[in-house]
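Asks: Residue numbers (this note's numbering), protein chains in the order written: chain A, 1 to 403; chain B, 1 to 220.
Keep in mind that the hints were calculated from the coordinates and are not lab data.
What you are looking at is a predicted structure, and each value in this text was computed from that prediction instead of being measured.
Note that CB positions come from ideal geometry on N, CA and C, so glycine has one too.
Honestly, I wouldn't trust all of these hints.
What the hints assert, rightly or not - Short derived list, chain B residues pointing at chain A, Cβ under 8 Å:
1. T57
2. Q81
3. T186
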Amino acid sequence: MLKKWQLVLLIATILLFVSFNIFLIKKEHSKVEKVEYIESWTSVKQGDLRNVMNKPGVAVVSDESHVYFDERMGAFSQFFVKEGDEVTRGDSLFEYSPKEIVDEISKLEARLEEIKDKISSLNSHMSDLTDYKAELDMELHKEKEPNYMTSYHDLEREIYHKELEMDLLEDEASRLEDEMDELEENMESLTVKSEVDGIIKEINHDLNSPLMTISAKTISVAGMIREGEINKVTEGLKAIISSHNWEEDLNGTLASISTLPADEPEVEKETVYPFKVDLEAATDEILPGTHVALEIITEEANGVLTAPQGSIYKKKNKEYVNILTSNGTIEKREIQTGMKVVGKTEIRSGVEAGEFVVIHKKPQSVKHASQFITPLKLNKLDKPNPADIKKEWTYILEGFLSR
Amino acid sequence: MYYRIRLLKGVLFPRYLSYQLKESEAMIGLLPRLVLLFIASSCIFALGSLSGIGTETLSRELTASLAHEFELKKLLFAIGQVVWGLVYASLFIFLPALFFWTLTEIEYKKLLIIQAYSFLILVCGKAVNMVVSFLLSVDPIYSPFSFGALFQYLTVNEWIIAAFGTITLFHLWAIFIQYYYLNELTEKNSRFIFWIVLALNIFFWIVNTLLSYIKIENLV
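Let's have the full structure, built from the sequences with the hints guiding it.
Replies: If you want it as structure tokens, here you go:
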């Protein structure tokens with residue numbers, strides 16, 4: 001057949017030919033069109049994205065306000081409420097004994113009376129003097145007696161003195177009145193009123209401090225947040241509160257995060273910070289102490305376009321997706337992304353809803369405008385409908401003629 | 001003398017086997033081997049199209065159809081390819097044998113065996129071609145075994161590129177086998193055999209190319 005050297009030459013030629021072809025295909029700026037094999041894809045959909053932090057919580061009463069006994073106000077008189085009573089703002093809680101103040105006010109009243117009497121007598125005295133002065137005035141006009149002159153002047157002086165005294169007395173009277181008003185006010189504050197709505201939690205009948213503890217009626221949910229997580233949450237975030245015992249979840253807001261740790265910090269122990277979630281709507285149904293599950297929404301984007309994580313890839317600090325077009329080609333498109341959750345990312349710009357993006361197993365970029373092929377996916381086939389087959393029979397022909 | 005048909009041996013050792021074929025009077029095992037070739041052919045075409053190879057023109061339907069519609073179209077396409085696989089096998093084995101039978105004195109059955117040998121090459125060739133093209137991310141027309149890549153650089157005419165893309169080294173090998181066996185089995189002139197083998201294959205090539213033009217025209 002073939003001599004040995006001819007065989008070798010033949011094989012060499014074949015290898016050369018094949019290698020040359022491979023070179024033509026693989027080289028940069030190759031004229032040979034590439035076809036991409038696309039295994040999975042999906043369309044860009046509108047959706048809601050949410051990042052949450054799950055934490056256990058317990059329902060607590062939101063505020064405890066304390067009422068104290070001030071000895072300077074007087075002796076203790078009586079309580080108006082007992083433990084367990086519901087109070088609203090302005091309700092009387094207890095009162096001091098008014099005795100000392102009453103005494104004081106009486107004293108002041110007496111003094112005031114005194115002064116008023118004095119003022120009256122001064123007044124009448126002064127009017128007498130003024131009358132006398134007027135008489136002298138008339139006499140002086142009739143006859144110029146030097147003695148009358150002196151008397152007249154003395155009289156005037158005395159009138160002025162009396163006026164001055166009266167002014168002083170009137171000042172003192174008004175001072176006393178003010179003091180009395182103040183004491184009357186104090187009398188009112190002898191009845192201590194509640195400043196919050198709530199339930200009387202504890203009354204210290206020994207009159208120790210605090211005299212009374214009032215629990216406000218608002219229930220909120222308390223939880224702990226770990227040191228490593230604390231910069232992921234801020235006050236004001238929405239939270240969803242749920243429990244096995246309820247049918248519907250409740251909405252709330254992260255009302256406060258304490259900047260101080262729950263316990264004394266220790267090097268070996270993990271530091272946790274307490275936080276409080278206020279409920280959106282006050283409800284009587286939760287008892288303090290109920291254990292609940294909290295979902296703190298740390299990030300949220302609603303009604304945005306989303307695409308799976310695997311469809312987005314980065315190149316030189318820009319982000320791209322590969323779009324499957326209606327021409328059967330792949331289009332490389334630059335996009336702007338937004339919020340990310342596990343597996344999905346928000347796309348702010350670059351694609352429209354309904355466009356198809358390629359999902360890559362490994363990030364890769366494809367040559368722009370390459371054609372693509374897809375394998376048959378049996379799981380996506382429905383039961384073959386004779387009507388459908390009739391409609392699409394031309395594809396059989398196409399398959400038949402395709403080379 | 002009995003001749004047991006061994007397809008692989010026939011391809012790889014034409015020297016010995018052609019002599020044996022010449023001398024034998026009874027050939028055993030043709031039918032099962034033909035069946036095997038038919039099955040192999042339709043399998044290769046099925047696997048190819050189910051993987052998506054050659055379905056570029058279908059891809060534009062992806063955005064326009066629902067998922068199950070799109071997959072149905074691909075399935076129908078695959079069915080079409082499978083049917084072609086069978087037709088291709090029968091055309092390639094029986095028609096040339098008929099042709100050679102009219103032009104030479106060789107027994108028809110022997111001619112069938114020769115065509116079976118060359119078809120084996122074509123089937124294996126197509127399989128190798130598909131795999132290699134897939135790995136290189138190109139259409140089989142541009143396979144390193146074919147002339148498509150080369151002509152891509154020589155011309156811009158799509159028809160020419162496609163036409164030459166269907167000729168692979170395997171085709172050339174198959175043609176060679178045809179020529180070699182025919183030559184051995186006939187008393188006719190080598191020149192003559194050469195030209196009829198060439199003519200036949202060129203004819204097939206042209207028809208094949210025309211058929212693919214029709215398909216393209218149909219779609220566009």
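Asks: Quick one: which hint numbers does this structure break? Sort them smallest to largest.
Replies: The structure conflicts with hint 3 only, although it agrees with all the remaining ones.
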